[in-house]
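So the protein sequences, as listed, match chains A and W.
The numbering used here puts the first residue of the first sequence at -19, with every later residue one more than the last.
The numbering used here puts the first residue of the second sequence at 4, with every later residue one more than the last.
Treat the hints with caution; some may be incorrect.
Listed below are several chain W residues computed to face chain A (Cβ distance under 8 Å; list not exhaustive) [unchecked claim]:
| # | residue |
| --- | --- |
| 1 | Val61 |
| 2 | Ala65 |
| 3 | Val68 |
| 4 | Ile69 |
| 5 | Ala90 |
| 6 | Pro93 |
| 7 | Leu104 |
| 8 | Ile107 |
| 9 | Ser111 |
| 10 | Ala143 |
| 11 | Gly144 |
| 12 | Leu235 |
| 13 | Leu272 |
| 14 | Ile276 |
| 15 | Val278 |
| 16 | Pro283 |
Don't read these hints as lab results, they were simulated from the structure.
For every residue, glycine included, the Cβ atom is placed at its ideal position computed from N, Cα and C.
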Amino acid sequence: MSAAEEVVAEGHEAVEAVPKRAMTLSTTTSLVVLAVLLIVPLFAKNFIIFQLTMLLIYGLAVLALNILTGGSGQFSLGQSAFYAVGAYVTAVLMEQFNVNYALTLPVAGVICFGFGFLFGQPALRLSGVYLALATFALATAMPQLLKLNFLEHWTGGVQGLVVTKPDAPFGLPMGQDMWLYYFTLVVTLAIYIFSVNLLRSRSGRAFMAIRDNEIAASSMGVNVALYKTLAFGVSAGITGVAGGLSAIAVQFVAPDSYTITLAISLFLGMVVGGVGWLPGSFVGAAFIIFVPNMAESISKGLSGAVFGVLLFLVIFLVPHGARQVAIVSQQLIGKLKKN
Amino acid sequence: MELFTNQVLAGIATGAIYACMALAVVMIYQAIDHLNFAQGEMAMFATFISWQLMQWGVPYWAAFVITLAFAFVGGIAIERILFKPLAKAPILTNVAGFIALFAIINSSAGLIWDFTIKQYPTPFGSSPFLGSQLISTHQAGMIGVTLLLLVGLFFFFQYTRIGLAMRAAASLPESARLVGINTSWMIALGWGMASAIGAIAGMLIAPVVFLEPNMMGGVLIYGFAAAVLGGLSSPFGAVVGGFLVGIFENLAGTYIPGVGNELKLPIALALIISVLVVKPAGLFGRHIVKRV
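One chain only, chain W, in its complex shape (with noise of 0.2 Å):
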């Protein structure tokens, strides 16, 4: 039992990652229909720009803000330079578009920073937390920044005008315009709000992953299916979901037998499936109502 309690703990500790990152994911979905699969790098392109700050003698949390404007700004004019000119083209266009994105900064990341694996600190410290060996201060720091934002978000979608109008120009962007919405720039707001989701998540799995071009790799992957999971059209789902496959994953791994580290990506990915087969807009997604 103690073995069990212990993997669930570590399995929290691991789905914080997945949790942030999935939130990101959502985000982006919201405004433009559309898994963004170049959002890990995005999010790793402005790590490394933290990185560069700290390099350079900036203190974490200065560096810190700094990344987030610039992640936002970034996300923004990837919209509307590269992403506007396509909204009328097929989805599967954007989907290409998407990878092209992903190919560029990629390699850019290793041109400028190179290749070689960077440690990057952590502002929580990486003690014990509460005595448990098991998450450390920085993982429990993870996991109180992702509920942290999740909340942020509640309020801003829930309460504020211009999250109201995010929401109209996302469900019903026909009626939204008609009643004064640019939704053209909601859609902006959104790249911009996922890209720095995006960067936090970033900063904070870097400690833990460390940074490199192709540390998101992995942690996408897994973002994606927590999204999924949770429902693609809820953030308070896809933290469920981040968790749920951080724990999934840490089973799996204990208690089937065979299951090394190249099988867990595989195992979780298939319970995932097999969930949405059950319920196909994921656990706390809206159903889709659509008409002929």
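So here's chain A without its partners, still in its complex pose (with noise of 0.2 Å):
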């Protein structure tokens, strides 16, 4: 291979590639995860409930995007539309149609799945920046097109939807904060699960041979077009779950809370918790939530300096994510056992 090749092939990877084992943790670790997500609730405040509810939705939304960029290499800036769709699905028929929350989730989810299909077939066009762009649009236009007239009767227009919060089925003697979390728990479990078979299965073995090499795929008999606005579609599911979970812990939906700003901060996310490393997408949610946080309890007026400085400090130490300090304590543990 000459140097111009060479060159040309390394030169335009956007996503790394990541050997579909690398994606989960092992059983071990999941379970031990799981036990302290179902036993910490009991001893916390309400508040901290909260946020780890919130934590667990944009550990969703996260983990969507992972799956559409760690998956199958296409990049998005319009996570926050989808999200915005989702929580508005819900909000509207539990509002307007008293439907109940439970029910609303699985709809929204498959009118974003609908919308993100539709939205991939004319991004099929476009990838790298251009994708970006596009995607871009589709974020900016959202909160923009839910003030629209018309849809204010359902909408509520600039002002939004108050939603309210469901109380704890079956008399069980807990808090609608505590429900709320072990409801998300339940349904983040069955997405995760959900998604790492996905990524084993065949269609996930086609989304990633798309992401090393398109053209390659292509001539291995993938069709392309239908995995890419696949990923897309299911990306986009999962985001708009992730939304109507948002509608019903935040109880309240309002065009502005759905921004660019919510985009970025799910890239970033994705970034910090590691490229097609799925349980990454739970430290990156924990990394957008708590260190905006953290940032301003250390400087108010530079807590954008603050938050920029924590983040290009962990993108020196690991520019591979939480997913690389996994691998070294693996290593570490694996040498100790030797010893």
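Since each chain comes alone in its own frame, lean on the hints to assemble the complex.
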């Protein structure tokens, strides 16, 4: 291979190739994490439980982006739009049509799946920065679209909608926050298992083949157009469910909660957690929830700068995100076991 | 018909702003193959420096030159300190770095100069240009400077040794290194030049949008859009793209019913995307052929 070819080959790799085995945690670790997630709320205050709920919700949204970017190699700055659609579907169904909150989530997921699948069609022609711009346009347009006059009857226009928080069913002795936490945990768990299995399946292999080399994938018989739009659809669907959950948890939806800033946060969460490593999504979610607050408490006037410096520290120390930390610690444990 | 020509003229005037910014965007894209999200904030910071100099009594053109030098050195410093160590990191990590830089510059400028809106002087005056109410002399001056920059860049890249070296480093770094070009410093030089061009854009835009830490937010989005529309590999395309986006935006605001100021941006972006769907490398961009 000549030097020129080598450069072309390495220069345009937008997303690293992550082998699918390295995309998840081992069973033991997963069970430990799950146990911690189950037990912690029993000993925490309501506000902390709420923050943990938000962590799971943002984690889901980051996971969705991770499937799209880490899985199929497509880039999106438009996740906030799908999140908004999910949140609005849930809010409108709950408040205007009195649908049970648990039933609104699958509806939000299916509608967002369709929306993402359709959006994936024109996006097929675009890649790299061009795709970033297209999805970015979607994200900037969404708050304006939600404010449109003829939708105001359902969406409540600029004011948004207030959503009632559900009580624990069957007379279970727990507060609303705690019930919502466990409800979110169950949904998150289901989607996480679905995602892991999806990436291990035939479709997941197709995603990864497209990510690693589109031309080679198509010559191997992968229907590139179908799987690329499918990845968009699945990602949008999961983001929609996350949006729906957030509408219930925050008890409020308004167009300006879903600006491009949200999409950028989700993107940062993915990078910090490690692109293509699903458990990292939740580490990334923790970063985008807690680090801005931390920055605020260090210095009010310079909170943006402090956040930027912290972000730089993370990407300097661990450019591959939480995945790198996980791999290094795994190796350390392996060494200790041998000794 | 008169309404149409007027709107086109007004579009060209706003387009000059976007063209300026798009040039800076293309410049950095040529050097490092990424869009720099912090570009607008770097330009904003440089503009604040020039404003501060003028507050201290430095005349406009002296402040202009000092700011350019500062922006050039600053751009190189940012590359050397922050982004050179990240050169081997994944692309998405680099993008996160740009976002971090954005937050740092924006918040520091807010702390140093606070968030109140400030007047910024123009060297061209703001009387009507050639008797037209739609274009002021400042806007005409801006168009002139943009075109001058474009011609200057063309000669720099086509006819100077260092311009040739930069092009070589951008297109085939490996081979460029073999013929003795210091590719790493060429990237730094690209950052410096992009930062200086951004500073020029900032100083020209500030009289129109007024000076404040968030002044570049909207402009940068249009600048990106213009650069992508024109083709990221072509400075000429970027300038044409800038003017086209300005015209699109004005015509959409005038002729499509129900489009207020709020929907202008989404519509302009939607139009650009439809162009890109037909011509994925932009209007004047080179199509990159990839080998398996």
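Double-check isoleucine 276 of chain W for me: the hint is only fine if its C-beta lies closer than 8 Å to a C-beta in chain A.
-> holds (5 Å)
Supplied contact hint for isoleucine 69 of chain W, tested at 8 Å Cβ to chain A | The hint is violated - isoleucine 69 of chain W has no Cβ within 8 Å of chain A, the shortest such distance being about 25 Å.
Would the stated hint for serine 111 of chain W survive a check requiring a Cβ distance to chain A of less than 8 Å?
-> Where the cut-off is 8 Å and the nearest Cβ of chain A is about 5 Å from serine 111 of chain W, the hint holds.
So, valine 278 of chain W near chain A? Judge it on the closest CB pair being under 8 Å.
-> Valine 278 of chain W check fails; min Cβ-Cβ to chain A is 11 Å, beyond 8 Å.
So, proline 283 of chain W near chain A? Judge it on the closest CB pair being under 8 Å.
-> With Cβ-Cβ at 5 Å, under 8 Å, it holds.
Measuring from the C-beta of valine 61 of chain W to each C-beta in chain A, is the shortest one below 8 Å?
-> violated (27 Å)
Status of the hint placing alanine 90 of chain W at chain A (closest C-beta pair under 8 Å) | violated (10 Å)
Per-residue hint verdict: valine 68 of chain W, partner chain A, C-beta under 8 Å | Where the cut-off is 8 Å and the nearest Cβ of chain A is about 29 Å from valine 68 of chain W, the hint is violated.
Do the numbers back the hint for leucine 272 of chain W, that is, is its least Cβ distance to chain A under 8 Å?
-> holds (3 Å)
Let me know if the C-beta of leucine 104 of chain W comes in closer than 8 Å to any C-beta of chain A, holds or violated.
-> holds (7 Å)
Let me know if the C-beta of glycine 144 of chain W comes in closer than 8 Å to any C-beta of chain A, holds or violated.
-> violated (30 Å)
Minimum Cβ distance from isoleucine 107 of chain W to chain A below 8 Å?
-> holds (4 Å)
This entry does not satisfy hints 1, 2, 3, 4, 5, 10, 11 and 15, going by the numbered hints stated previously.
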